[in-house]
Amino acid sequence: MPGRAVTPRPAPVPIETPRLVLRVAQPDDFGPLFARVLSDPVVMRHVDAGGALDADRAAAFFASALDHHGSGGKPGVLVEKATGELIGYAGPRGCRVLGADDLEIGFVLARAAWGRGYGGEIGRAQIAHVTGTLGRPRALALAAPDNAASIATLLAIGMLFATSLEVAGRGRRNVYVTCAVRAAGNAPTGSGD
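Final position of the sequence shown in our numbering is 239; the numbers increase by one with none missing.
Just so you know, the hints here were simulated from the structure itself, not pulled from any lab data. Small disclaimer: the values here were computed from a predicted structure and weren't measured. Misleading hints may appear alongside valid ones.
Stated by the list, open to error - Estimated spans, in silico, between C-beta atoms of each pair: (1) SER117 x ALA146: 26 to 34 Å; (2) ARG91 x ARG162: 31 to 39 Å; (3) GLY119 x SER210: 22 to 30 Å; (4) THR179 x ALA146: 30 to 38 Å; (5) SER210 x PRO64: 32 to 40 Å.
Idealized CB from N, CA, C, for every residue including glycine.
All chains, full assembly: derive it from the sequences and hints.
Structure, rendered in structure tokens:
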């Protein structure tokens, strides 16, 4: 109807769990994500090439690597439902380390969110999303060999070690795999790891 204001629809939520919402990145998310995650050397030490990002590199990462359009094919920002706080980023991204067009799940959490089982919760939900919603036969996860906490989480959510290899721009990575048949038992439960 002409002249009538149109209320924009909310951005789609690709993944939701009992305690978390993984949603598209909004411009206002950059500040908290930079302060809590991207600029923290302890959080970022095992992420991609490793190390904290300065403001310019973080802005470039935020603009190019995160899902701003609700495609569900790139990581989004991770928000704790109870508080509305942005606690990190997570979500599937393309990965060809095993020679196929796979999706890699992942999660990078602010230190304040560690030890609450959020990695396992969002990891299970991503597996269900990749193998269920997106219909992929498997999901991958990559972890630095000395990232004991992430490896323990990946094993706890049912992923299996496949190989260890050098990944361009990321260094040595252990590759973990789950198949759709195995993922059916890994639906989000909200339980911690």
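Evaluation of the provided hints:
1. The beta-carbon spacing between SER117 and ALA146, approximately 20 Å, falls outside the hinted interval of 26 to 34 Å.
2. The beta-carbon spacing between ARG91 and ARG162, approximately 20 Å, falls outside the hinted interval of 31 to 39 Å.
3. A hinted range of 22 to 30 Å for the beta carbons of GLY119 and SER210 is consistent with their spacing of about 26 Å.
4. A beta carbon spacing of about 19 Å between THR179 and ALA146 contradicts the range 30 to 38 Å that was offered as a hint.
5. Separated by about 33 Å at the C-beta atoms, SER210 and PRO64 satisfy the suggested range of 32 to 40 Å.
Hint compliance for this structure: hints 1, 2 and 4 are not met, and every other hint is.
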